[in-house]
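K.L.:
Residue numbers (our numbering), protein chains in the order written: chain A, 145 to 259; chain B, 12 to 123.
Be careful, since some hints might not be right.
Label pairs and their calculated CB-CB ranges [stated by the list, open to error]: (1) B:G66 to A:E241: 17 to 25 Å; (2) B:L123 to A:Q161: 44 to 52 Å; (3) A:T230 to B:V65: 38 to 46 Å; (4) A:Q216 to B:N14: 31 to 39 Å; (5) A:T159 to B:K79: 45 to 53 Å; (6) B:N14 to A:R239: 21 to 29 Å; (7) B:N64 to A:T230: 39 to 47 Å; (8) B:N64 to A:R239: 16 to 24 Å; (9) B:K79 to A:R239: 19 to 27 Å; (10) B:S39 to A:T198: 25 to 33 Å; (11) B:L57 to A:V232: 17 to 25 Å.
None of these hints come from the bench; they were simulated from the model. Since the structure is predicted, the reported quantities are computational estimates derived from the model, not experimental observations. Idealized CB from N, CA, C, for every residue including glycine.
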Amino acid sequence: NAGVTQTPKFRVLKTGQSMTLLCAQDMNHEYMYWYRQDPGMGLRLIHYSVGEGTTAKGEVPDGYNVSRLKKQNFLLGLESAAPSQTSVYFCASKRRESSYNSPLHFGNGTRLTVT
Amino acid sequence: GENVEQHPSTLSVQEGDSAVIKCTYSDSASNYFPWYKQELGKRPQLIIDIRSNVGEKKDQRIAVTLNKTAKHFSLHITETQPEDSAVYFCAAFTGGGNKLTFGTGTQLKVEL
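The shape of chain B in the complex, shown without the other chains (with noise of 0.2 Å):
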């Protein structure tokens, strides 16, 4: 089956700095790439997803980029703020589109 490997599993960063997280996936039928945002004790949110059809897609401070032909994705956060810190999960959608499996999760923490 598929399998999603997300680095780093902790980012600590200086409020104003970006920050990176990076994910590599398996199966290369996979075509939908989510990232979701989880506070504590809060469910997942989807914060931005990008289809296998785009190369790079921003939202605000935000952006996904996707490399199909090395099958890596990542997350970039720009003029990151306290409000930023969580754990963020990458996923891949594979089984022909039924099933999304998530990477182990990056917390990342801003600091003052």
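Here chain A stands alone, though its shape is the one from the complex (with noise of 0.2 Å):
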């Protein structure tokens, strides 16, 4: 049981390129997450999906396209890379409670550089 896995660790891109981060999580969770962190402005929520096939902004959505086409993947999009999207970004999951939330389990994260 993996939890959720990241992929890449690491990247540097240089200003318009283009690349797509990937999220996988194995304990069926339907809901999904994509954050990005920045020193001293915690983490702020990009996209996220409550199930597959469906997506929604979050505070910082703007330059970022996500997909869910699978209920284990989110995919989180950059088509043409900014300096300001230099950052940490984590994915995170949880599954679906009927009353009271349950807790975001988080990825590694990506550290991402724009030049």
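Take the two lone chains, each set in its own frame, and fit them into one complex as the hints suggest.
P.N.:
And the structure:
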């Protein structure tokens, strides 16, 4: 049981290049999330998904796209990378609860640098 | 949307002392409040959580209190140890339970 796995771990892009970050979970969780973490700003939600085939915008969605074609995978795409997207990206998942919520399970993060 | 404020941003204590981190939230519909610990270069790890039907929860040296009326919750760490040094994040679940909004974090340093 690997939990939440993110690939790649590190990446350096030039401005204008594109890339896709992959998140995979083996816990059969319904909900998946992409956050970015910048110094002094905590974790900010980019996009999230409450089920296969559905996505929604979070707090900072501009410049990113996502897809959830399979329940276990959540992809984050950067079509034209900008230096402002230099950050550490975390994927997380959780199961759907009928009443009170359950905690998020995080991946190990992807460190992205855009030059 | 939800706004979670966290204070202080840095906290330095002597080993053995207590540490308290405070958070406030804006959405009265929020019903779940987890706390995460993040060591340098690692992922956030859940250390304790509290649901809105509970006022206090304790797990060994860590406790969390919740005041729904005032919309604030706090993390208390007693008998601090050097391994408690890390960044701590509070969070609140909003939007019908679909989104977790984080505070900006507290860098805790436990000095010998």
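K.L.:
All hints are to be evaluated individually against the structure, with a verdict given for each.
P.N.:
Hints versus structure:
At about 21 Å, the CB distance of G66 (chain B) to E241 (chain A) agrees with the hint of 17 to 25 Å. In this structure the supplied range 44 to 52 Å holds for L123 (chain B) paired with Q161 (chain A), their Cβ-Cβ distance being about 46 Å. Against the hinted window of 38 to 46 Å, the Cβ-Cβ separation of T230 (chain A) and V65 (chain B) comes to about 40 Å, which satisfies the hint. Between Q216 (chain A) and N14 (chain B) the beta carbons are some 32 Å apart, a value that agrees with the proposed interval 31 to 39 Å.
Between T159 (chain A) and K79 (chain B) the beta carbons are some 47 Å apart, a value that agrees with the proposed interval 45 to 53 Å. Take N14 (chain B) and R239 (chain A): their Cβ atoms lie about 26 Å apart, and the range 21 to 29 Å holds. Checked against the hint of 39 to 47 Å, the C-beta distance between N64 (chain B) and T230 (chain A) comes to roughly 41 Å, which is consistent with it. Checked against the given bound of 16 to 24 Å, the beta carbons of N64 (chain B) and R239 (chain A), roughly 19 Å apart, stay inside it.
Between K79 (chain B) and R239 (chain A) the CB atoms are about 25 Å apart, so this pair conforms to the stated range of 19 to 27 Å. A beta carbon spacing of about 26 Å between S39 (chain B) and T198 (chain A) agrees with the range 25 to 33 Å that was offered as a hint. Distance hint check: the CB atoms of L57 (chain B) and V232 (chain A) are about 18 Å apart, consistent with the given range 17 to 25 Å.
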